[in-house]
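Same order as they appear, the protein sequences are chains V and X.
727 is the number of the first residue of the first sequence in this note's numbering; add one for each residue after it.
727 is the number of the first residue of the second sequence in this note's numbering; add one for each residue after it.
Misleading hints may appear alongside valid ones.
Pairs involving identical chains hold if they fit within one copy or between any two copies, as the list cannot separate such chains.
Unchecked claim - In silico DSSO-like links for lysine-lysine, alpha-carbon gap of 30 Å or less:
1) LYS1051 with LYS784
2) LYS825 with LYS870
3) LYS1048 with LYS1142
4) LYS1182 with LYS741
5) LYS728 with LYS1191
6) LYS923 with LYS1142
7) LYS1056 with LYS804
8) LYS1091 with LYS759
9) LYS927 with LYS821
10) LYS1102 with LYS970
These are calculated hints, taken from the structure and not from any lab test.
Number of protein chains: 2
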Amino acid sequence: MKNKAIMSRDIDFAKWYTDVVKAAHLADYSNVKGCIVFEPRGYALWEKMQQVLDEMFKKTGHQNVYMPLLIPENLLEKEGELIQGFSPEVAWVTKGGEKDLEERLCIRPTSETLFSDYYSNVVKSYRDLPLKYNQWCSVMRWEKETRPFLRSREFLWQEGHTVHETQEEAENETKQMLNIYRTFFEDYLAIPVITGKKTEKEKFSGAEYTLTIEAMMYNGITLQSATSHYFGQKFSKAYDISFKDRNNQLSYCYQTSWGSSTRMIGALIMVHSDDNGLVLPPKIAPVQVCIVPIQMTEKVLDEGEKIKKKLEEAGITVTIDKTDKSAGFKFSEAEVSGVPIRIEVGERDLEQDKIVLVRRDTGVKKEVSLDENIEKVIQNEMECMQQEMFNRAKKRTDSFTFTCHHLDEVRNQIEKQPGFIHAMWCGDEACELKMKEINGLKSRCILEDGEKIDEKCVVCGGKAKHHVVWGIQY
Amino acid sequence: MKNKAIMSRDIDFAKWYTDVVKAAHLADYSNVKGCIVFEPRGYALWEKMQQVLDEMFKKTGHQNVYMPLLIPENLLEKEGELIQGFSPEVAWVTKGGEKDLEERLCIRPTSETLFSDYYSNVVKSYRDLPLKYNQWCSVMRWEKETRPFLRSREFLWQEGHTVHETQEEAENETKQMLNIYRTFFEDYLAIPVITGKKTEKEKFSGAEYTLTIEAMMYNGITLQSATSHYFGQKFSKAYDISFKDRNNQLSYCYQTSWGSSTRMIGALIMVHSDDNGLVLPPKIAPVQVCIVPIQMTEKVLDEGEKIKKKLEEAGITVTIDKTDKSAGFKFSEAEVSGVPIRIEVGERDLEQDKIVLVRRDTGVKKEVSLDENIEKVIQNEMECMQQEMFNRAKKRTDSFTFTCHHLDEVRNQIEKQPGFIHAMWCGDEACELKMKEINGLKSRCILEDGEKIDEKCVVCGGKAKHHVVWGIQY
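Based on the provided sequences and hints, a complete structural model is requested.
Right under this line is the structure:
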């Protein structure tokens, strides 16, 4: 039975998206324009993402720190490109208490400037390097149009900032972090991604180059999902992050930054969820199993508690819904909030020594005998589900991936079904802008070892330089 | 050998404090006035505190959420007392991008207003209650004089906000959270506290009453360390958080809030640390054991790794210092950063099948045979250390606790040695102000079941109402 609070995603995808956010109680609109309230289920999802990523960061030698929320204007202006990229969209603090400030301060839109300023104070010798820091915080960008998780004035994220002795080490770091994001997306979020380099036009303001992971949503629209930037010595020269090198000469650091945000919650929704609400891959679900007692009798509740205990001991996150609501209501609650597996425990089944297990992604029911090793059954089921969710997303991504050789072909394809368009490009920004005229199509990334699929640029017919993937973006 | 980078705490306590912060690399000053950089060791301490408290909150049925950073002025003004208390010290955002905002927004100094606004949207029936939410975030108060961790414009904290059906339930929540803070201070931070109710003058703006935990620092100055507020229906009436009660009548919620902050790092320093740097109780130390190889030979390193593995398997957090620095340098690094136990592994000791263990708080060395169960030895040592650190702090607190009956007595005592002054009070604010003339002495709290130690108010000699503890505060 379809959830009536949710629009069908095939009829109105945008409304379906916000309906799922509301119905699953992930977030609520706030009275602060452009900012959302992260409700318990939405925040729990973020906590789970934080936990997995934070462990990956720490295992690769990164440490967490916390920099100030505010950036003095003169500090922000030291690196010319960055400020140009961000100044139209920062919020300015001009008053402290009842006094006008001598210098206005912006709320961080990103913290390259603060990290650079700090590094310039503490880095003295090659022995101090590398410094590999990360922070979890909120940032503010004064966006005009907003959509929960995908684009809002304030969002939560992590931003890693590292300084290194050599270019090679910094470039390796840039790649390593991209790979960590890729692993996280594919293995935890069950979202296939393509990776590559951003074009000059699309790279992060101030970076030498930007690596990106790009994912495709259910409707063929693409999402820039996490990025890793190589700065070379741009910031270290602007902020004087210099050090005595091994030859006792003054050198400038090589720098990186990399980030991922609550936008990933938006990706999870738009890739996996359905007309009944949220669908979560088991490895990222804050609650993996919900036990629903069909009747609130002692026998049923006892059995429910017994199963809960067994699963918890096996490291599975379980809740048991003991509210006085109807079983049907509880089913739909577990469903809308994306709990991967629901266990139904009822009098009739117990008489036959069995329980029923229902998978959220497929809705398939399975009877499990009480003799079976329930934790093993659940673990297997969750592994299958994780893999199958990835496979389905991969299959869809592949089916929405097209190769084009001429501009007309691109136009026809995008009008029929948007997706990833593979096409060759001459490297000229004018051709990028020409592509943009087609429903706002943008370059997603230049494939690192992209096959040469044509000799000519898809736009101008000039000599092709790069194999680029294009797409309409959120 | 004394750490030369650190002033003696008996000579200049204030300088000693900032020296410890710097030398232990807990925090650095930033170029943003009044804001600090939380360096890896400082932030790791905060992460550990978060982890322990968060678990306690979740076990008692609280859920994490995240509210916007900014509060529109009209929303802030709905509750009159709160705005009066905070408006002189908030930072105002007046520009977004290049445009002046129609309504200015303040950076949250605390989030009662935002939670109340949210609750007023989602609470409809007694069935929706209680809602027990908490958030971890940063807040901003435009302080003039700042000191790392103790008072800064931006600090990190958690703020819990709950709404309840009945007064009793809300009051119980207020008490429960105070008790959680007390347990955390005593059992984890090894800091004894006194608890009670704030006077009208000292309570949180907008609260019906405020419960507090107060701790005493090494020098006899006191620190308000965490607070739990009962709001009654003040905010629920101002923000219209109403619900259909069990009799189908419209009722207003009863509300609480409670918070603790990175100020606790300041308390840890000022209670336990010494002239050689930070001293941390084992239960809150991010790194519990540091293994120092005296020589960087294969034999020594192998033994070090073996010990590390054993300890890690027992759930102890261990590092091994394999840098090319001298053993003496490594000792002092472990010391200044407050690692509870240092293990020295050296060629000569290994020949006799032993290693040396050094406790940070006492400096006492102990030889341990390689035959012994090293994880057991360390665990016992850490338990002792945790208890002894508490005992020492308790003994000092007791020795700086005084009972006074007359104003002269108070004055003499404070000039000789500040501490906790127990004295009776008539309840009149004029008498509180009179006390403040003595070196800024303030009421810390009214003891809940305080013994009646006099018939008369210590200031005016009028009829005594409350047993109050007074102190000079940070």
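Comparing the hints with the structure gives:
{"no.": "1", "hint": "LYS1051 with LYS784", "verdict": "between (43 Å within a copy, 23 Å between copies)"}
{"no.": "2", "hint": "LYS825 with LYS870", "verdict": "both (29 Å within a copy, 12 Å between copies)"}
{"no.": "3", "hint": "LYS1048 with LYS1142", "verdict": "neither (49 Å within a copy, 61 Å between copies)"}
{"no.": "4", "hint": "LYS1182 with LYS741", "verdict": "neither (40 Å within a copy, 69 Å between copies)"}
{"no.": "5", "hint": "LYS728 with LYS1191", "verdict": "neither (49 Å within a copy, 65 Å between copies)"}
{"no.": "6", "hint": "LYS923 with LYS1142", "verdict": "within (27 Å within a copy, 69 Å between copies)"}
{"no.": "7", "hint": "LYS1056 with LYS804", "verdict": "neither (56 Å within a copy, 38 Å between copies)"}
{"no.": "8", "hint": "LYS1091 with LYS759", "verdict": "neither (44 Å within a copy, 61 Å between copies)"}
{"no.": "9", "hint": "LYS927 with LYS821", "verdict": "between (36 Å within a copy, 28 Å between copies)"}
{"no.": "10", "hint": "LYS1102 with LYS970", "verdict": "neither (57 Å within a copy, 45 Å between copies)"}
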